[in-house]
Structures are given as structure tokens and as C-alpha cells.
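Read off the chains here:
Number of protein chains: 4
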Amino acid sequence: MELQGYQRPLRLGMVGGGQGAFIGAVHRAAARLSGDFDLVAGCFSSNPDRARQSAALIGIAPEWCYVDYRDMARDAVKIGLDAVSVVTPNFLHVPVAQAFAEQGVHVICDKPLAATWDGIDALQATLRRRNVVFVLTHTYSAYPMIRKARRMIVEGALGRIRSVTVEYLQDWLATSIEDAGNKQAEWRTDPSKGGRGGAVGDIGTHAFHLAEYVSGQHCESLLAMTASPVGNRAVNDDARMLLKFANGATGSLWCSQVTLGARNALTLRVCGEKGALSWAQETPNQLVVADTGGCERLMRRGEQPGEGSLPTGHPEGFYEAFAQLYRDAASLIRSEDLTPSSETEAGEISGLDAGVRGMRFIDATLTSAEKGNIWVEM
Amino acid sequence: MELQGYQRPLRLGMVGGGQGAFIGAVHRAAARLSGDFDLVAGCFSSNPDRARQSAALIGIAPEWCYVDYRDMARDAVKIGLDAVSVVTPNFLHVPVAQAFAEQGVHVICDKPLAATWDGIDALQATLRRRNVVFVLTHTYSAYPMIRKARRMIVEGALGRIRSVTVEYLQDWLATSIEDAGNKQAEWRTDPSKGGRGGAVGDIGTHAFHLAEYVSGQHCESLLAMTASPVGNRAVNDDARMLLKFANGATGSLWCSQVTLGARNALTLRVCGEKGALSWAQETPNQLVVADTGGCERLMRRGEQPGEGSLPTGHPEGFYEAFAQLYRDAASLIRSEDLTPSSETEAGEISGLDAGVRGMRFIDATLTSAEKGNIWVEM
Amino acid sequence: MELQGYQRPLRLGMVGGGQGAFIGAVHRAAARLSGDFDLVAGCFSSNPDRARQSAALIGIAPEWCYVDYRDMARDAVKIGLDAVSVVTPNFLHVPVAQAFAEQGVHVICDKPLAATWDGIDALQATLRRRNVVFVLTHTYSAYPMIRKARRMIVEGALGRIRSVTVEYLQDWLATSIEDAGNKQAEWRTDPSKGGRGGAVGDIGTHAFHLAEYVSGQHCESLLAMTASPVGNRAVNDDARMLLKFANGATGSLWCSQVTLGARNALTLRVCGEKGALSWAQETPNQLVVADTGGCERLMRRGEQPGEGSLPTGHPEGFYEAFAQLYRDAASLIRSEDLTPSSETEAGEISGLDAGVRGMRFIDATLTSAEKGNIWVEM
Amino acid sequence: MELQGYQRPLRLGMVGGGQGAFIGAVHRAAARLSGDFDLVAGCFSSNPDRARQSAALIGIAPEWCYVDYRDMARDAVKIGLDAVSVVTPNFLHVPVAQAFAEQGVHVICDKPLAATWDGIDALQATLRRRNVVFVLTHTYSAYPMIRKARRMIVEGALGRIRSVTVEYLQDWLATSIEDAGNKQAEWRTDPSKGGRGGAVGDIGTHAFHLAEYVSGQHCESLLAMTASPVGNRAVNDDARMLLKFANGATGSLWCSQVTLGARNALTLRVCGEKGALSWAQETPNQLVVADTGGCERLMRRGEQPGEGSLPTGHPEGFYEAFAQLYRDAASLIRSEDLTPSSETEAGEISGLDAGVRGMRFIDATLTSAEKGNIWVEM
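Protein chains in written order, with this note's numbering: chain A, 435 to 812; chain B, 435 to 812; chain C, 435 to 812; chain D, 435 to 812.
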């Protein structure tokens, strides 16, 4: 028998993302969930103790744990690295990518690309020369309904595009939490650490990318008004822009991290001469499509083949809920103190009793229906 | 340095879930995403060729690929199995679980537990004797907001519970697709294969479990009306029940696989004397809580620590979108035909150009704002 | 010139609905808004002082103010009455209607029709003999989108109806407010005053009517479970029913006045073999229509001619907002203390200044756009 | 007995608003619904035949029907006019208002105030001299939840205002319907008839008024980009503005009549340092209020006394539905061909049979519940 479709997992390294880092953990979860990568090496910190501790927790063997990313890049062939995830602070993205690209290692890099232009041309040249893949993790562009929207527009479903409107609103910086010791807020509001991009750099770039990505239109010029209404911040935390696109379309972008009531409210509306699309990140599985005849249609992920890996109506958080059950099981197994028959009463996790109860439910239902809709005890 | 918190991954086997099976793939993705398990062995089919093919695709070494689950159970110590996922057809759940439990292997079993009562008492006895964990995958009970709802009720936030109302509606069986060759519909509508449970067994059990799980109330008796409005089905595809709970609360349950416009519309409303909760599976990250003062509050996952692993406002499909980027990267790496600088124009995946464009966007925005809100070319 | 289409207003009397009565005021507002009726006579109370006071406030001349509805009925010809609105307590509906029908006066009667069967056959006979119109105000059946839904079903848009599900939930009786002196709660929860119908009589009848009205199906039998979870009420305040329809369709009805978080949550879902409709009273201008192809369409009032008297997108509360401006104007006129130029700053009502500001806004906008998108002072 | 609170209706005249005019009919309905005005005179057209025909249809006596508004203004004392509604084409608003204000008649004027500045100063002077009320019908400012929002902000519920964002989107001009004979589109897109304001004048003014009205902030300057993407229009049909407010707040406004999928989508978001409010005209009965603690609360009209004239949960379209029943009754009465007992089967209007059916429903429900939840025939 011929094996068809078999593909060995790619060997992945990671630079950055040690203990306590948020986005590194997300990258690892995403790599695992994809089923395409094995994380085999890491440079999780420049502090040797922290690097080793993180590696151990993540399950990386000590021999593949590095404290200098340059050493790790040099060992790329020895490790057998196919790709590296770059999840360092922003100013290191380009040098780290450069070091691995030089070795022919493909790069998956968190956004934004960089805070300055230093080294970008050289990186571009190296990518070409070594024929190395470089993927920037613009996560929002990977939602199935965003890709569907993009394809619909490419295929002409909206006709000529007339306007593109995008908002990305959060409220976590609505008070001066940087003065109260919030680390995430501290570096973002300090231009010496997070750059002078402020909210524009942090989330505006996501919104801008999405606007061009979905609409397929190139923004030719913009006019911006920035604001910093909270405390005495040295960077913007709110910005509004007018946009002009190459094809004559107009648009606007509003990004804000100080708008109360908004958590991660990234919304997009693209209007063409034949139709319009709207999408909101907090309900990512649906797309509303309007036409010139007054019809508005709710499209849901999964109605068409290839739109995500779960059936329609199953939000993709379904995977996470399912994974939680596996985590629950692992936790029980590791504690080994479960009295299996008591779990329904005491705990949050379904066991055999829950299964028995479900069977009784089916029996009771069918009995009630068959006997003329009478009450049946459970 | 002392390593703290390190936990080796648990070694997982799987029975069932070969090529083309839906729920097996979901179990594997969930196990990977959890970060707690390594899938090391499998019995994916009783057909040797299909078993080997599936194992290869999944990345299981040939020596840990079995065609008879009893052989695999016997090898449990040799494989070093900590746990097994049982994702076979329902009638095999109990014998498979029994075989592994006998060997002291913990069991994660897809629902429903079984179609008949055969072997359940023996299984229960074995679980106790071998002190083996048994987890039934009632996925919906693992959503963070469902667990939060359950805890709120346990802690008395709603006061005495007065009513529990649950619906689970789908529409995929609204036409006789079993006559058109749909395999999933065929076995579910054939009592000799899927049991006589019909929609009650397939999805009603989920709804019933959720009703008891969240409300903390024990259903004492039910009265049911089943229906089979589509074609000449031998099992129910729609059922409505009245419920009475031990504490005097009343309730109802409606499950249907023939209600047009519903994809996976599992909704729950629990009303107490001090408050009420409502939740819908298609927007699982939110919970609406009403009190006696006319106030309705929207609670979102992540507002409190421990509610899922992502910040509030990030639907958990965020992981899946992120994983898609990793899949994209793997696909590019494997094809190796990317011209890295052209991806923004041609493809769906952000590369270096996208990063450069984001940096230009930040620059243009700050320049426009600093120069008095003028147009800046991109 | 020939006048075409002229129709004199119909002369309307009212029985009941004096000072402090809620539904009488709604009937009068509806009669005024319709443009088809002039209220010319009334019997607003059996207490002469209250009757006169109410008549004066409503603007009824003293000679057409009655304290005994039988006198008013006897004067029907003298008054020139075309129709009478019956908004008395329920037990008087039938005798009042009878008295006026005997005189050939058309009857518009609040629901429910009656608490007992006394006099109904006689009323029916009189209506036929005198050829008198009798309209029961099932308000919810008059929403444009409900009538559209009904017509769509009549015309076969859903195919054969399979199920009808209706809920009518409120929360105003969720605590024992009758013990705290709430008059509306007192009579409704006292079977000697409001009948033994409880929530079933008060709101269940609306839900039941809507279910039959829209679906076009005749309910043949029902099975009910009633509850009274609050305090020691002698009538039901919550009820759930299973329904069987003449064509074989099944359904359910839940009415409750004790479900926290629900104000006036009347919702309907009708599912047929070719499509399904859903509607919610709190967003009455829209109808969601699903088909067998997975398409869900949002239909809005006013997309088709004849669906209400306002353009689509204008909720019908638009009339009420507009009427509020007229009330504001009347209030200003009657107080005559407005300094017209100061209203924008001080008050809630737009005056000349607001108009001037709007003109400046247009000027500033066009100037900014024409001069290359520069800042223009307002 | 002393009559308390009696107020005679105010005598109202109308200029403009003859047959076929939309907004005149809305003004008349609003005046009727308010209960504060009697329409007693009108100048509905400068064409004598059309004026007379309109007056007759509206129910105005021939002696109070005018063809020249100046004649009507001169007769103001004779007619006993308290107020006049000005619903003419925009260019006549100011001269008509001037003529009546000179006579001491209060003015209710449709928006926008005017197309040019001619006569406005004189009108202002006259209003002051004659102490005449002038009300501009900015309808959206009269929704109860808008007034509540305004009051909340005045009272400091949001703290210092940081940003104001308003959108008013429609789609009825998304195609060149003016070339297909649509009258409303024709004059609006012809600068010689509708002025050069385009969408900015037609709907932008409403949005701008609402932004200042609710936020209580004075817009100091704006920067605008207008567009005319459809056909070869001589006026804008889409415009975006950046706004700066006197207190330092920033904001933006987008108005468009070419955005597919939007009917009358006027939305407002005001964000302060302590809270934020959002409102949408198509669901006018609710207001979402966020605070700095991550709590979002849904406020509904009617929860507090004085918020509109209907209980919470009753959208104000309830009045219109009720009025429809009165129109139905009038139509039946005028046709006089109803067979009263057959209406349930044949027609859309509830009659005696519907009332009887409701009583049977109550009986059946109580019987079923009392007899142990058995099926009862209807």
C-alpha cells in the first residue's frame, strides 16, 4: 500500500516567549493546533536560568535550549530546524529573522515587523537569496470569513469598491494603568520602549492591514488626527484617519485604546457598487452581505466547504472547549484522587454517571412519548 | 536551579477516528491544543490497510498502530499509555473503555456513553477497582462562560432556581438527505445503527446535561412529545419535553434537527428568584445576567481571571485563526515556491511587504498628525 | 372639481378608560393616530365627578359625557355614533358590547373578550342580526411584519408547516409586588377580580392567538403545566404547553410573568418544510426568513409597498418621537416663557439657533472639502 | 368640582404638505398623536384645485383652505391660529415662518431651516419681538433614550467627554435612481433644487445636531472629505469629517446615502472618562452604557418614569400597530360587508371568534394542568 498525503511535522524553533509572555504561548498553541509543527528548540530568554526553566516547562530538551539566538541560528542544521517563530520584543524581530534567514530557516514573525527601518532591506535581500518564507502573523486576516470576504471581492461580488471603513477599539488604556504598575501598559505608553506608534502602531496597523487585505484596494494617502486624552501620555492612544484609495474609493479608520465599552472591537465595512460586506471580530463566524435589492444575508462560516475545520454553527472556540476537557482529564489523571462515580455531584467534569444519566434521559423521553405523553420519573 | 511546575506530557492512545472521521480529528486537535498529551498509539480501523494509512497520516509510528483494540490494551504498559481516547461508533464505547480500564489506562470517551445498558455496571466496577479516570466529552459544559454560570448559581447569585429552559436546534436533517447518500444522516436515522434515540440521543442529551449541569438542579420527571415530520423516518428528529425538578422548579427542553435557520443553536436560560442567566452556544463568550432591579448586564469571557486563556474580546476562534497562519506557513514551506516579496499582491498570507506597509502606515499617520492633519502619501 | 377619496371621520364613543387608566389612553392615541376617528362621547366612569373630570381632560363636551353606558347606548343615534371602544374591566366587555351592538353601533373591544361565557352567544347573534362590526384588539397581530409573515405562509412560502413555537415572557411579577400595593398586580393575582386565568389569560392568549394567526394552523389539542413560583399566588404566573395542530404540526407555548430579564418578550418561530420565519416583538420591524439552502435573510418593514406608513429603517416609534416634538411645542406655547434664541444652550428643544447651526455645518463641510480638506471653524 | 389640568387643544395651521407629500402627513400624524393640536386650516398647494382637494381629504373646511400662505397668515386672528406647521420645500421655510411670526403665530418648522441665509436675521428679530416659539423638527433628538442620554451626560455620568462618533448611513441613492424618474432623488441631486448640501444637508445635519445635542459639546472646527461615487452627481452623496470640540474632545462624522445595507442607520457613541454611551436609531428603545469597570448595561426605555408613554418592552411602534387596528375597524365599518363570525378564517382582523378562541385556550390550559397534564381538545 502506498501512503498518500503523509507529511512529517516541520521542526520549529522559537525565539522569545518565555515564562509569563502572552503571545509566545499563543504561538505555541497555534503551532500545536495546526498539527503541522513540532516545537524542538527554543531561546526563551537571554537569562540562562529563565531560559532553562521555560524550556523545561514547555518540554524542550536541555540540549536544544539556547540563551543567545545567534547560537541557535548557527546550530540550525544540527537541530534540523525548518522554521523559527520570532516572538521577541519588536526591536529584535528583524535581527533575529535575519540570523535565521541567513541559515535558510523559514521565519514566522509576530507583528509589527519593526520599530525602525534598520535592516529591513537586508532582510528582504536575504529572503530572496535564500528563498526563505517569511510570514507575519496578521491573525485577523486568517479568520475564515475574512478570507471568504476577500475572495468574494476579488471575484467581483461587490463590483467596483466605493468605500472602506474600519474601526479597532479597545478600552484597556482608558485609565492611566501604566502609573499603577501594569507592565503591558508601561512599555506601550513609553516611546523609548514601545516606539512612538502608540495605538496606531499597536492596533491601527491591524486595522489598516485588514482594510487593504479584504478590499483589495491600495491606500494612496491618508490624513490623520491623533489624540492622547488620558493622563499625560507621550504617545497617541486614539487616532482617526481619512483614507483615499487608488481606485478612487474613500474611507476612514478609527483606532482607540481608550474607548469604554470596547474590548477588541475590530469591525470592517466594505461597500461596492453592487454590494456591501460587514464583519466584526467579536462574532468572527459571520459575515453580513447586502445587495442593491435591499436584501441582507447572514453568511455563516462552514456553509461552504473549506471555511474552517468545524461545521457551521460551531464557533471555533469549540476547539478550546474541547481542549479544556483534555486539560481537565490530564489534571484528574495527574492528581489521581478522583472517585470516578462521584464526579457528577461534586465536580465540573462529566464522568460515567453523566453518561448513565444521558441514557436514562433518552429512555424516559421515548417512554413518555410512546405511552401517550405521560410523566416519567428520571 | 529547581524546575518548578514541569509536567511531562501524558501518553495518549486513540481507538477509532481514522481517515474521514470527524470527531476523532476534533479529539486530536483538542489534545494537541491542550498541551497536555502526546498521541503515541492508535487503533484507527479494524481494516489493516486503513489503520496503517491513518496512522501514517496522523504521524503514529507503525509499531504503535493496531487493528484490534484488545491488542493495544494488552500492550498498554509496553506503550506506556496514560490515557486512551475512545471515538468509535457508540456501541463500542463500553467494551473499549472496559478493555483499557482493566489495564489501568484512564479513559476519555466521546458521548453518548452507549446505546444499551450492557456492560455499564461492570465498567463502573472496574473504574472503581483500578481507580481509573473516566471523562465523557460533554463539550458544551467546558465553555468558560458555562462554567462561570454554573459557579454563579452554586454560589447563590440567582437565589432559588425557578425555571430552566433549554433548546438545541439544528436544520441539517430538514430534508431526507439520508436518501441522497449522506452517511452521517444514514446511520443516525437508521435505528439499527444509531439506536432509537434519534435527535433526543444525538443532541437532546447535550441539552439535558447542560440544563442540569448549569442549574445544579436534578430533573425528577419529564413528559415528552416526539415527532418525525421529515420523510418516513423510523426515529424522532424533533422532541419537546416538559420538565420537573427536585426543588420544585419547572422547565422545558426542545431539541430538533429539522428546524430551518438553526445550525447548532443550543441556548439556555435559567431563572431564579434573584436573577436570571442566558447563554447561546453560537456566541459562547458572553453571558447575559438579569437581576430583579431591571438591570441586564453583558458579561464577557476574560473579564475575570481564569475565564479561558485569551483576553476578553478575543473569541476563542482566535486560536484557530492563529493556527491557520501556522498551517499557511507550513504549506508555503512545503511548497517552497513562494517568491517572498510578492505575497501581498498575489496571495492571502502576510509577508515582509505587509510588515513594511504597516510601518509606512504608522509613519504616515504620525506625519499627518504632526504637520497639522494634512494628506500624506503612502 | 370632483373630490375623490374623501371620507368623513367616524364618530367614536368610549366606555371605560378614565383618568389613570392605561389602556384607554392607548386606544385614544391609536384612534387619533389612525386619522379615521373623532372621539365625541364617553362614559369614563360610573362615578359622576370622575366621569366629568375625565371627559373634560380628554376634551369631550359635558353633554356627551355619561355615567351609565346604557344611557349612552340609548343616545347612539342622537350622538351620531359610528363605533364604540370598550375598555372597561373585562367582566363588562360583553354587556357593554351588547348594549351598543343592539343600537347598530360597531364595537372595538379590548382583549380578552370575557372572563365567563355569559352573554357571548347572544352577542354573536346580535352582531349578525344588526350586521355590526366587532374588532378585538389583538395588537400584536397588527404589526406590519406579522401580517407579512402571515401572508407569506398563506401563499406557501414555507411549504407545509411543521412546527410553531411561541413565547411570551415578562418579569414584572417576579416578586410579590401585589403585597406592596401595586394595583395592576393586585387584581391580576386575585382570581375574584382578574379571573383564574393568571398569566395564561393575561398574556398567554396573545401568544396563542399569534401562533394560530401567523401559522394559519388550527391548534387541535394542548397539554399544559402551570406554575406559581412566587409567593402564595392563587393563580398561575408561568405556564408551558405542548401543542398539536390539525395538519400534524407540533409546537409549544411558554408564557411567564416571572422570568427575570424579560420585559415584553413575545417571540414566534414557525418552521415549514421549505422555510422558517422568526420574529420578536421588541424588534417588530424585522423578520428573519431561512430557507433549505442555508440562507438566512433579514427582511425589514417598508422594503415592500404597504408595509407600514414609514420608510424602511424608520422604526415606527419615529411617529412617537415626532409627536413628542409637537408636545414640546405645545408646552412651550402654553408656557410662553421661551426666549427663542437661547433654546439650544438651555433646553432640549431645537429652535432657530439649531437651524442656523445646521446651515453653518453644511457650509463648513463644503468649504473644507473644496479647499483641500482643511480645518474650518464653526 | 374644580377641573384640574384641562387644556384646550391648540389650533394648528399647515403650509405645504398636500397630496402625495410625505413629511406633511408625518407632521399631521404626529400632531394628532400628541393630542395637543387640532388642525383647522391649511395652505396645501398654490394650485387652487390641488389645495382644495387636499384640504377635503384631510378634513379641512373649505373656508379655511388657502392657496396663498400670506392670506392665511393675515387671517390668523380670524382663524384663531395658535401655531403653524411649515412643511414646504426648504426655500420657503423662512418666508413662511416670517409671515406667521409677524402675526404672533408660533412656528413648527421642518428641517433644514433654509438653503440660504436670506431672511434669517429678520426672522430671529421677529421671533424675539413677538415672543414667538420656533421649533425645528429634529426628530431624532426627541427619542426618549436620546433625551435620557443627554441628561445623563449633563449630570456627569460619563465624566469629561473624550470623543463623539456619529454615523448616518442610507443606501437609497446607491444607484442613479434620479435618472429613472425617482422624484425624491431628482430634486435632492439637483443643486438648483435641493441646494448644494447633498447628503451633508439632507442627513449630515441630523447627525451633527445629535452629536452636539447628546454630548453637550460644542464643535469648534471640522475637516471634511466629500465624495460622489454614483453616476455623475453634482452634489455629494457621502462625506466623512474629523471633528474637534471646545473641551478638547475629538470625533468624527460619516454620512452617506450610497452605503448598501444601511437603511436609516443613524448611530451615536459618546465616550467620556467615566463611561460611554451608544445608541442606534433602528433600535431606539435601548441605550448601552459602559463603565470603567468592564460592565456593560443595557438600558431600556420605560425602566424609569417619564421615558416615553408606553411600558418598557413595548416598542413605540406599538402605537402604530394599535392605530392599524383602528384603521382596520374603520375600513370594515365603511365597507359594511363583514360577516362578523367569519373573520378569523378569512381575514386578518380579530373579531368575536378570536375572543371565543382565546377563552377556550384559557379553559383548556387550566383543565390540562388541573387534571395532571393531559391532552385537552380545543
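These are computed hints drawn from the structure, not numbers from a lab. Keep in mind that a hint or two might mislead.
List of simulated lysine-lysine pairs, DSS-like, C-alpha gap at most 30 angstroms [what the hints assert, rightly or not]:
hint : chain 1 : residue 1 : chain 2 : residue 2
1    : D       : Lys627    : A       : Lys708
2    : A       : Lys627    : A       : Lys617
3    : A       : Lys617    : D       : Lys617
Over the 10 angstroms line for every Cβ pair with chain C, so calculated as not near, a few chain B residues [claimed, not checked]:
hint : residue
4    : Ala510
5    : Asp613
6    : Pro663
7    : Gly695
8    : Asp725
9    : Asp787
10   : Asn807
Below, a sample of chain B positions facing chain C; criterion: calculated Cβ distance under 10 angstroms [unchecked claim]:
hint : residue
11   : Ser480
12   : Arg697
13   : Ser712
14   : Glu716
15   : Thr726
16   : Pro745
17   : Thr746
Glycine included, C-beta positions come from ideal geometry on N, C-alpha and C.
Going down the list of hints, with the structure as the test:
1. Distance restraint check for Lys627/D and Lys708/A: the Cα-Cα separation of roughly 28 angstroms lies within the 30 angstroms cut-off, and the hinted pair is therefore satisfied.
2. With a CA separation close to 11 angstroms, the supplied pair Lys627/A and Lys617/A stays within the 30 angstroms bound.
3. Taking the CA atoms of Lys617/A and Lys617/D, the gap is about 61 angstroms. The hint is violated against a cut of 30 angstroms.
4. For Ala510/B, the shortest C-beta to C-beta distance to chain C comes to about 45 angstroms, beyond the 10 angstroms cut-off, and the non-interface label holds.
5. Every beta carbon of chain C lies more than 10 angstroms from that of Asp613/B, the smallest distance being close to 15 angstroms; the non-interface claim holds.
6. For Pro663/B, the shortest C-beta to C-beta distance to chain C comes to about 4 angstroms, within the 10 angstroms cut-off, and the non-interface label is violated.
7. Chain C draws Gly695/B into its interface by the beta-carbon criterion, the shortest separation being 3 angstroms against a cut-off of 10 angstroms.
8. With a least beta-carbon separation of about 7 angstroms from chain C, Asp725/B fails to lie farther than 10 angstroms from that chain, contradicting its non-interface assignment.
9. Against the 10 angstroms criterion, Asp787/B stays outside the reach of chain C, whose nearest CB is about 28 angstroms from its own CB.
10. Against chain C, the non-interface label of Asn807/B is violated: not every CB pair exceeds 10 angstroms, the least being about 7 angstroms.
11. Given hint, Ser480/B at the interface with chain C, is violated; its Cβ is 35 angstroms from that chain's nearest Cβ, farther than 10 angstroms.
12. Here the hint on Arg697/B is kept, as its CB sits about 8 angstroms from the closest CB of chain C, short of 10 angstroms.
13. The closest approach between the C-beta of Ser712/B and any C-beta of chain C is roughly 7 angstroms, which is under the 10 angstroms cut-off, so the hint is satisfied.
14. Checking Glu716/B against chain C by beta carbon gives a least distance of about 12 angstroms; that is not within 10 angstroms, so the hint is violated.
15. Hint status for Thr726/B: holds, given a least beta-carbon distance of 6 angstroms to chain C, under 10 angstroms.
16. Look at Pro745/B: its Cβ only gets to about 27 angstroms from chain C, farther than 10 angstroms, so that hint breaks.
17. The interface hint given for Thr746/B is violated, since its Cβ lies 22 angstroms from the closest Cβ of chain C, which is over the 10 angstroms cut-off.
The earlier numbered hints that this structure contradicts are 3, 6, 7, 8, 10, 11, 14, 16 and 17.
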